[in-house]
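Positions -22 to -1, 1 to 150 (mature numbering (1 follows the signal peptide of the UniProt record, and there is no 0)) are the ones given, in order, by the sequence shown.
Bear in mind the hints are in silico, worked out from the structure with no lab data behind them.
A few of these clues could be false.
Unchecked claim - No more than 20 Å apart at the CA atoms, straight line, and that leaves these computed lysine to aspartate or glutamate pairs for EDC-like:
| id | residue 1 | residue 2 |
| --- | --- | --- |
| 1 | Lys95 | Asp42 |
| 2 | Lys77 | Asp59 |
| 3 | Lys95 | Asp122 |
| 4 | Lys52 | Glu1 |
| 5 | Lys8 | Asp42 |
| 6 | Lys101 | Asp122 |
Said to hold, decoys possible - Label-pair restraints from in silico Cβ distances:
| id | residue 1 | residue 2 | range |
| --- | --- | --- | --- |
| 7 | Met47 | Asp2 | 17 to 27 Å |
| 8 | Asn55 | Thr132 | 42 to 52 Å |
| 9 | Ala138 | Pro57 | 35 to 45 Å |
| 10 | Asp2 | Ser33 | 54 to 64 Å |
C-beta: ideal position from N, C-alpha, C; glycine also.
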Amino acid sequence: MKKYVIFSTALACTALSPIVFAEDGKVNFKGTILESACTVESSSQNLDVNLGRVSKTVFTAAGDTSSPMPFSLKLENCPTDVLTSGVAVRFEGTTVSGKTDILDITGGAAGVGVQIKDKAGQKIVLGSESTTYTPLVAGDNTLDFTAYYVSTSTTVTAGAANAVANFTIIYP
């Protein structure tokens, strides 16, 4: 009798398992394989942007900024199949706690970070795509940005204020 109960229970569990594993939806994965992509010009692969020597008196309240410094990422050999769709850039780096759009700094300074804006003047959210740069031209293209110090506190400590952002070219 005990074997019959165990067998019946196992049979019932097997019969009911499709209900437990019923589909709730589906995910369709779509994309395009490009023949080739733009190449990041060698001068843009390890770029230094000098934000200058800024007096801490510029920062009297959280959110105060230094003067913006322009910088560009240069792409070359862009193929015709990306001209109309353009490109975006994803910057990544260590952020200030609770601020996804401010890079944390290293060095002796405190109370400031580095913020990046795209060509449209929109703050870059680190880990997200920038505004799409479109249309591109066949061959070489320049993607313009600005960077500046921004205070994250009412108290700013003087010292070295360096940050690093890695970037990836995205083909939307």
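Starting from the hint list further up, note which numbers the structure goes against and sort them upward. 2, 4, 5 and 7
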